[in-house]
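**Q** Chains as they are written, first to last, in the numbering used here: chain A, 48 to 347; chain B, 26 to 273; chain C, 26 to 375.
Accuracy of the hints is not assured; some may be wrong.
To be verified - Distance condition first, Cα-Cα at most 30 Å in a straight line; then the derived DSS-like pairs of lysine-lysine: (1) B:LYS119 - C:LYS194; (2) A:LYS143 - B:LYS119; (3) C:LYS315 - A:LYS143.
Hints were generated in silico from the structure; no laboratory data involved. None of the values given here were measured: they were computed from a predicted structure.
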Amino acid sequence: MWDNIMVLAAAPVFNVQLILDGLFIGAIFALAGYGLALVWGVMNVKNLAQGELVIMGGYFAYVMTQLGLHPLLALIPAFAIMFGFGWLVYKIIISKVIERDLFTSLLATFGLALVIQQGLNLAFGPEVQTAQSGMEIRSIFGGNVTVADIRVLSLILCAILAGLVVLFMKHSRMGQAIRATSQDPRAARVMGIDTEKVYAFTFALNAAICGAAGVLISMIWVIQPFYGVPHSIRAFVVVTAAGLGNLPGVIIAALGLGVAEQYSGFVLGAEFQQATVVMLLIFVLMWRQFQMSKNRQVVQ
Amino acid sequence: MSTPTIEVSNVSKSFGGVVANKMVSMKVEPGKITGLIGPNGSGKTTLFNSIVGYHPIDEGSIKFQGKEISKLRVQQIARLGMLRTFQQTRIYSKMNCVENILISVPHRTATFSDMFRKYPAELTDKAEHLLEFVGLYQKRHLISGDLSFGQQKLLEFAMALMNEPTVLLLDEPTAGINPTLINGLIDRLKRANEEFGITLFVIEHNMRVIMNLAEHMYCLAHGEMLANGTPDEIQNDQRVIDAYLGAH
Amino acid sequence: MIKEKYLHAGLLVFGVLAPFLFPNYTVQISLLWIMILFALTWDTLGGQMGYNSLGNIVFFGVGMYISAIVQIGVVYDVALYTSPDGAALTGNFAPAQYYTGLALGILAAAVGCVILAVLFSQVFFGLRGPYFAIGTLGLALAAGELVGAWDYVGGGGGIALPVFPSDPKSQGIFFYYLCLVSALATYVFLRWLYNTRFGLAINAIRDDEEKAEAMGIHTKRHKTAAWCTSAFFLGISGALFGNMTGFIEPLEVAFPTITFGIFMVAMALLGGKGTLWGPILGAIVFHLIKEVTWTYLLGWQWIALGTLIIINVVYFQQGILGWARDKWPDLFGLTVDEAMSSGSEKRGSS
Ligand SMILES: Nc1ncnc2c1ncn2[C@@H]1O[C@H](COP(=O)(O)OP(=O)(O)OP(=O)(O)O)[C@@H](O)[C@H]1O
Ligand SMILES: [Mg+2]
Chain A
48 MWDNIMVLAA APVFNVQLIL DGLFIGAIFA LAGYGLALVW GVMNVKNLAQ GELVIMGGYF
108 AYVMTQLGLH PLLALIPAFA IMFGFGWLVY KIIISKVIER DLFTSLLATF GLALVIQQGL
168 NLAFGPEVQT AQSGMEIRSI FGGNVTVADI RVLSLILCAI LAGLVVLFMK HSRMGQAIRA
228 TSQDPRAARV MGIDTEKVYA FTFALNAAIC GAAGVLISMI WVIQPFYGVP HSIRAFVVVT
288 AAGLGNLPGV IIAALGLGVA EQYSGFVLGA EFQQATVVML LIFVLMWRQF QMSKNRQVVQ
Chain B
26 MSTPTIEVSN VSKSFGGVVA NKMVSMKVEP GKITGLIGPN GSGKTTLFNS IVGYHPIDEG
86 SIKFQGKEIS KLRVQQIARL GMLRTFQQTR IYSKMNCVEN ILISVPHRTA TFSDMFRKYP
146 AELTDKAEHL LEFVGLYQKR HLISGDLSFG QQKLLEFAMA LMNEPTVLLL DEPTAGINPT
206 LINGLIDRLK RANEEFGITL FVIEHNMRVI MNLAEHMYCL AHGEMLANGT PDEIQNDQRV
266 IDAYLGAH
Chain C
26 MIKEKYLHAG LLVFGVLAPF LFPNYTVQIS LLWIMILFAL TWDTLGGQMG YNSLGNIVFF
86 GVGMYISAIV QIGVVYDVAL YTSPDGAALT GNFAPAQYYT GLALGILAAA VGCVILAVLF
146 SQVFFGLRGP YFAIGTLGLA LAAGELVGAW DYVGGGGGIA LPVFPSDPKS QGIFFYYLCL
206 VSALATYVFL RWLYNTRFGL AINAIRDDEE KAEAMGIHTK RHKTAAWCTS AFFLGISGAL
266 FGNMTGFIEP LEVAFPTITF GIFMVAMALL GGKGTLWGPI LGAIVFHLIK EVTWTYLLGW
326 QWIALGTLII INVVYFQQGI LGWARDKWPD LFGLTVDEAM SSGSEKRGSS
């Protein structure tokens with residue numbers, strides 16, 4: 048561990064590599080985190096299947112490559128089909144637990160996570176997969192730092208997608224209805240907004256965003272049927288750290304998480320990368336609790 | 026004069042921009058029934074919350090029997106013998122009425138091993154008597170969450186009595202209680218004060234009730250202490266009348 | 026209502042005779058007792074106290090590892106044993122060494138888990154509602170990862186435990202009875218516990234913790250003690266399970282968060298959380314369904330299981346006993362008393 052820190056000190060370009068990789072990955076975490084915050088804020092459902100939705104999206108890209116097509120082409124079908132899937136999940140599960148206590152929705156989505164994991168395992172097997180984009184890898188800083196074109200492209204796509212979602216939330220009728228509902232569902236209902244439809248749409252949109260994030264993940268990183276759990280945890284870390292309805296916060300937290308993971312993976316060893324995510328979750332929860340306890344209150 | 030049971034001096038509390046209490050000072054004398062009135066949103070519940078340690082106050086001091094408590098937490102304050110009931114009645118809704126009362130025994134001197142004791146028969150008897158006192162004896166084995174709102178208020182009151190507090194803060198005890206039962210409740214509050222020796226500090230909107238009950242009254246308006254005095258003085262105080270009638 | 030004493034007698038007779046009546050299923054029935062223990066201890070927090078933990082499995086795994094280290098440590102240097110050169114040592118335990126090690130190991134597992142529970146309580150009970158569930162889930166996942174990275178205890182490769190100094194059949198029966206005893210002990214202890222003030226206090230915390238605080242209940246103390254109780258028995262179950270399996274490793278055996286860890290919750294919910302018999306009933310039904318259908322589901326078991334959890338949570342949350350209570354409230358003593366006052370009742374009964 049100490050040796051690795053020395054390496055970073057002796058060769059600062061390695062830092063550049065770690066930070067760049069962290070930002071590329073972190074941008075995708077921001078998408079899933081934003082989706083979670085959306086669902087959490089609008090209908091107060093904490094979705095533990097968030098990571099599974101991401102991984103599901105990733106398999107669209109994998110299937111594309113199996114068909115001999117470019118994985119980027121999966122972006123549209125992944126978005127569309129995951130939207131439909133999200134709608135279905137809302138109708139079958141989420142709508143039934145939305146009024147209940149929070150543990151119910153947590154557990155129901157945990158059950159959903161199990162089903163998706165195992166379904167993917169049956170369909171694609173437990174191997175770790177990546178969707179080859181076949182794009183170039185460039186070297187900068189005299190060959191010490193490598194940047195894959197696909198990573199840059201993925202970052203750009205993340206930004207575009209996030210921008211589109213923000214525009215949609217601001218200017219479309221549905222977006223406005225979603226924001227109204229998240230502020231006060233009863234008032235929204237009185238004003239004639241069909242909140243049931245808003246909820247379904249919100250969950251579906253979240254699934255679609257996750258699906259798109261998954262496509263990007265599968266191209267710049269790896270997917271596997273059981274890799275959803277850490278993604279869910281990441282989304283929770285991001286949202287807990289940033290708070291609800293705070294898009295800049297989500298982006299900063301997600302990028303920070305991406306970088307932190309790269310560093311811990313490099314300094315402590317790859318086997319600690321997952322542990323870092325989980326420890327960060329616990330740390331973020333504790334920190335929030337500390338903040339609240341200053342007001343003689345507890346995390347509710 | 027003896028030390029007041031509760032002494033609030035210059036307490037302020039704001040939530041973001043909303044100033045809920047501004048330099049509030051007041052006293053609750055031992056053994057008496059003190060009333061607190063004020064229009065909706067005037068900061069009565071906030072003052073209660075500050076006294077029992079629900080949130081930190083911005084400035085000022087709160088003393089219980091001469092001891093500073095503004096830095097203590099809810100549980101510590103409760104164990105000192107100061108208890109409150111809630112405006113939105115709170116009971117243990119999945120337990121039956123007897124259990125609700127039993128678990129409310131005083132915890133002031135509870136030691137670690139007390140956690141694992143059983144309830145002696147005297148306590149069960151006492152619990153049933155208290156339920157009888159508030160008129161819930163027949164329903165004692167029902168799940169308390171299934172009781173009507175008014176009955177839950179009575180149950181909460183009985184729970185507070187079981188705790189044998191020195192002082193009891195009641196937040197609108199008659200709200201939601203059938204008018205025909207209100208006289209009975211006033212009577213019970215007075216008996217709690219006289220027979221059990223519990224000092225009462227009562228928030229109440231129902232003027233008839235509070236005039237009947239309190240020996241000394243305070244009136245809050247817009248977070249500030251507007252007036253205090255005997256019920257008659259308050260009733261005839263022009264500022265109080267304006268506060269209630271005036272557009273706020 | 027069926028008299029409880031018949032249930033007790035029935036369970037006891039079944040428990041004692043099962044290895045002779047169903048000799049081919051000793052392992053499955055041992056596991057049933059562990060499942061009952063799981064569901065009961067989960068319910069102490071989740072059902073009785075309203076703190077839904079998704080990470081109780083951590084005590085199972087920690088107990089397993091503590092026991093393993095103690096069992097090995099009484100005879101060998103643990104680091105040597107878990108190194109590649111140590112492979113030959115697993116069979117080198119004399120019966121006296123084995124049984125001493127096991128007894129100390131189980132004890133240490135129980136005590137170690139209680140200490141850990143006290144520490145965790147300081148940190149995790151500040152989290153309420155879903156935050157507690159997510160935080161404890163994180164705890165269990167972290168535990169698996171960290172133990173996997175710790176070479177002293179064999180890392181991700183795991184440890185082979187000392188070999189039982191007799192034939193496998195006696196091993197099966199030996200551990201069967203230990204499982205039986207620990208499950209029964211859990212039941213007896215919790216039954217007593219729920220009948221003390223403690224039981225009412227944790228129910229109060231479940232129903233309204235703020236109110237409990239406002240009434241001066243020592244909530245922290247109760248919450249800590251409740252988690253310690255769970256941890257104590259879970260630690261024992263971990264020690265036993267590790268020795269039954271013979272080989273332990275972090276992710277699948279010791280900290281199986283998405284199998285055993287979630288089974289605990291599912292079983293307690295299925296039977297009816299917040300009751301004493303609900304978790305037991307849930308564990309029996311769940312384990313039976315699982316063992317009977319498992320092999321016929323041809324790879325779809327886990328999907329079926331996830332679906333079962335969803336259906337249970339979404340459509341049948343009150344569980345079997347909760348449903349029965351809604352249907353026949355009289356049987357559960359939820360009645361209006363005709364007597365007008367305690368005085369008149371006494372007169373009537375004298
Ligand atoms: N937790 C809080 N956060 C923000 N504002 C609050 C909070 N609690 C109270 N307030 C505000 O403080 C003011 C005083 O409220 P409070 O509940 O003390 O009034 P009240 O006198 O009890 O009224 P009522 O008679 O309706 O019960 C109100 O404007 C209220 O909106
Ligand atoms: Mg009020």
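**Q** Would you mind marking each hint as holding or not holding in the structure?
**A** Hints, verified against the model:
no.	hint	result
1	B:LYS119 - C:LYS194	47 Å, violated
2	A:LYS143 - B:LYS119	22 Å, holds
3	C:LYS315 - A:LYS143	26 Å, holds
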